[in-house]
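Going line by line, the protein sequences match chains G and Y.
Sequential numbering of the first sequence, starting at 1, is according to the numbering used here.
Sequential numbering of the second sequence, starting at 1, is according to the numbering used here.
Think of the hints as simulated: they come from the structure by calculation, not from any bench.
Be aware that one or more of the hints could be misleading.
[What the hints assert, rightly or not] Simulated restraints on C-beta separations: (1) Y/Asp717 / G/Leu15: 34 to 40 Å; (2) G/Asp7 / Y/Ser481: 46 to 52 Å; (3) G/Glu75 / Y/Glu440: 51 to 57 Å; (4) G/Asp7 / Y/Arg211: 53 to 59 Å.
[As the list claims (entries may be wrong)] To be clear about the criterion: a stretch of chain Y counts as covered by chain G if any three or more of its residues have a C-beta under 8 Å from a C-beta of chain G, and this derived list gives those stretches: (5) 252 to 263; (6) 487 to 501; (7) 606 to 614; (8) 713 to 719; (9) 777 to 790.
Glycine residues also receive a C-beta, built at the ideal position from the N, C-alpha and C atoms.
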Amino acid sequence: MSEELFDVRLTVNGLPHEARLPARRLLSDALRHDLGLTGTHVGCEHGVCGACTVLVDGRPVRSCLMFAVSAVDAEITTVEGLIEADGTAAGRLGPVQQAFAECHGLQCGFCTPGFLTTITAGLRDNPDPTEDEAREMIAGNLCRCTGYTNIVKSVLRAAEIAGERS
Amino acid sequence: MFGEPVQRVEDQRFLRGRGRYVDDVLVGQQVLHAAVLRSPHAHARIVDIDVSDVLDVDGVRLVWTHEDLGGGTAPAMAEPLPLLIPHPQLTHGRTQYALAKDEVNYVGEAIALVVADDRYLAEDAVGRIKVSYEFLPPVVGLDAARAAEHLVHDDVPGNVAARLEQANGDAGAAIASAPHTLSLDLEVERSASTPLEGRGTVARWDVDTGRLTVWTSTQTSTGVRAAVAAKLGLDLGQVEVVTPDVGGGFGVKINHPWPEEVLVPYAARTLGLPVKFVEDRREHFISSAHERAQQHHVEVGYDDEGRVLGLDVQFWHDNGAYTPYGIVLPIITSTQLLGPYKPGAYRVVFESLYTNTVMCTPYRGAGRPQGCYVMERTMDAIAAALGKDRTDVRAANFIQPDEFPYDHGLIFQDGRELEYDSGDYPASLVKLKELIGWEEFPAFREEMAREGRRVGIGLACYVEGTGVGPYEGAHVHIETSGKVKVATGLTTQGQGHATSFAQIVADALGVPFESVEVVTGDTRRMPYAVGTFASRAAVMSGSAIHLAALRAREKVLKIAADALEANEEDLEIVDGVVSVRGTDASIDLGTVAVLSNPLRYAFDEASKAATQFTVGDPGKPPVAEDEEPGLEGKDFYSPERSTFANGMHAVIVETDPDTAEITILKYAVVHDCGNLINPMIVEGQIQGGVAQGVGGALYERMAYDESGQLVNASFMDFLMPYVTEVPRALDIDHLQTPSPLNPLGIKGAGEAGVIPSAAVFASAISDAEGFAITSMPISPSDLFHLRLQHASVAVDEEPA
């Protein structure tokens with residue numbers, strides 16, 4: 001008894017990837033284990049914590065609630081794709097990443113990728129949020145370390161950095 | 001660098017998606033995946049396990065039940081897991097087997113292990129194992145455990161694992177002769193650490209060298225290493241444990257070895273291929289560990305000022321189905337209950353009881369939140385009975401700044417005297433009252449009342465034993481590049497050690513912060529260590545790193561003095577360069593490192609300077625008799641006893657008169673953990689602790705039904721706070737009373753934020769409602785029902 005496999009072509013952070021996967025393979029597992037993009041983390045596998053959030057065609061999606069085979073026609077962005085080219089090999093931190101570094105917006109770092117992708121999408125829709133709107137923006141993600149105070153600060157600071165850079 | 005809010009160096013990796021957590025290890029390489037069959041029953045005898053359907057499943061490599069363990073060189077695999085912290089009063093300690101033998105004692109207990117080509121297949125296979133059970137009556141909750149109509153373990157009478165009594169003075173006599181007395185019954189329910197990353201272990205057996213490498217998401221790499229070696233019948237030198245990035249611990253990852261932590265290495269060795277186990281969220285809820293559940297009965301005698309003359313506390317601690325972590329939790333509760341106060345006499349007695357539920361091991365705060373809650377409820381009750389301000393009653397009971405060191409006459413969790421090192425509680429209280437607006441609150445309450453709104457204010461004080469022994473060590477190595485590599489054995493799960501420890505080294509050694517790299521939790525780099533728990537990392541490893549860096553510095557000065565033909569006393573090290581004060585003569589640390597290691601063979605330009613024809617006095621041995629090659633320093637820090645940090649929290653809450661919803665209007669923290677290495681990190685720890693405390697006080701509980709099923713074992717039903725639940729207005733102020741016990745004057749901060757939460761919310765909600773809250777956590781529904789009860793009591797009491 002073996003599972004039927006499908007040839008899946010995923011576009012992640014602008015690059016095409018190919019994999020042969022069973023239909024039930026979660027997008028989160030495919031990104032992490034088949035494509036080796038381990039920046040996306042899995043915290044609950046039932047769509048509540050938000051750690052696995054990636055952008056699918058620019059919109060935040062829980063990658064643990066989506067099958068990889070359903071993502072074939074989409075543009076996927078993971079935390080690795082938030083780095084901005086600056087001529088160096090490593091690239092520079094994107095505005096949201098930079099803000100987290102400045103505001104101590106992370107401790108263990110496990111939930112962080114989901115916050116970074118969520119906030120990136122949030123600031124695209126609302127580039128200049130109030131504090132209330134910043135809180136609303138992150139209200140679907142769980143963090144057990146920070147108590148959120150510095151994540152809210154990071155959202156506001158990210159908006160400033162994005163403004164400075166544009 | 002000490003005391004500066006330096007940005008964290010580890011964040012670059014984390015923010016770029018380059019953290020390396022346990023499930024990231026060996027990605028892209030061949031690795032097999034394990035899944036575990038867990039008991040669906042809280043209490044049952046295993047009659048038969050049928051695995052015949054499983055081996056047919058394509059991709060399945062191995063299926064084990066208890067029968068399969070214990071062969072070859074690993075007989076210990078068939079024995080129960082270790083009882084980590086034995087205690088003479090733990091007369092009936094019990095631990096589980098790696099895979100259940102004959103009986104299961106909680107829903108979630110491991111019964112069988114499957115290893116397959118991927119996790120999906122392994123879970124398919126687990127679903128095909130058939131187990132027949134003979135059901136036994138489950139013991140769920142402390143009431144059932146105390147009643148002991150049924151037993152969890154046949155050979156443990158009354159379900160009592162341990163009974164311990166401690167006393168200082170004659171509390172009974174003091175209470176009997178006191179002008180006033182009170183008795184209280186108080187309760188706290190279960191909660192759990194619940195890190196965003198669960199447990200996980202990866203193991204690789206290297207058949208060529210006969211060595212095992214284990215990556216595990218733990219708070220103690222050396223503990224796991226010793227346990228794995230013992231269980232697998234390997235020499236310690238054959239096992240290395242590497243702690244990767246850990247996605248939060250909060251206490252639960254200090255327990256070890258988990259069944260999977262020995263099964264996965266054993267399977268990897270058996271199969272000759274790497275094996276990985278990463279639990280899912282439900283598994284974390286039902287098969288890791290919880291904490292907190294206790295019931296207390298308090299008798300207290302006090303004078304007209306509210307001074308406690310005698311305090312007698314009897315309590316019952318739910319340790320779950322097993323006691324791998326001994327009775328550390330109730331010991332901490334029983335001693336840390338005293339907080340910043342000095343009762344005239346104190347007696348405490350507890351029983352640690354078995355139930356057919358997940359075992360209880362430390363969760364951030366580790367027994368302290370319950371103790372704080374009991375003491376602070378008692379203080380509030382005294383204030384209410386005397387009609388006094390709650391802060392005045394506390395002030396009347398404080399240990400005074402000139403009374404340190406203060407010996408409580410009890411034995412603490414580390415087997416040492418409970419002796420406080422330093423603190424200034426009256427000063428903290430002044431700060432707290434100012435920060436929360438204690439004096440202004442009555443006017444605010446009236447103003448709110450006029451709008452039909454109900455508010456209350458509460459406070460809670462605690463003292464936290466931090467930095468417990470036995471020891472930690474550090475190794476500091478200055479490479480020929482001038483880079484400084486630092487290793488300490490305890491582990492990191494978000495505390496920013498790579499930053500705060502580098503700050504310590506930069507200061508002690510006189511090197512740029514950027515040139516220091518810190519590694520934690522890797523037994524290859526520092527095999528002697530204890531672990532990260534009890535807010536001990538900064539105190540223990542921070543001190544050890546400071547001492548090791550000073551040793552390296554001594555060596556630097558010795559060699560540099562030789563090279564520069566100067567006296568050591570005339571040298572200074574600034575920015576990684578040693579120079580003779582007031583002259584141009586200097587040598588950089590990299591060159592000193594080259595000179596420290598006399599070479600026969602050159603491998604680059606720098607090393608040419610250290611070969612045998614270029615350095616050394618031909619009349620002396622190249623390495624002096626009392627020296628070693630290499631520019632290194634190693635040292636250990638082992639304190640006589642714990643440091644005692646302290647703090648006070650206050651909160652203003654609003655309770656909805658109709659829905660009983662509880663809203664936080666303002667939260668204030670005054671915190672004293674001695675000198676701060678990095679105030680930004682300390683503040684982050686407190687903010688996170690407060691949020692976790694809010695969860696524990698108002699939202700989180702483990703909902704077991706009467707058959708022992710955990711009915712809320714998911715993030716949908718176990719309500720951890722989102723940003724919407726944590727206080728918007730959180731004010732933090734610090735007092736810095738240095739500890740005299742260590743060279744940096746520091747105390748721990750990790751657990752502080754969470755300790756007084758249940759106490760402070762109970763205080764504030766009681767204040768808002770006008771009746772005493774005696775059971776925590778409290779939900780709007782609980783509060784609503786309490787209102788109905790108190791209303792009906794009030795009606796009953798009205799004269800006819």
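Which of the stated hints cannot be reconciled with the structure, identified by number in ascending sequence?
When the structure is compared with the hints, numbers 4, 5, 7 and 9 turn out to be violated.
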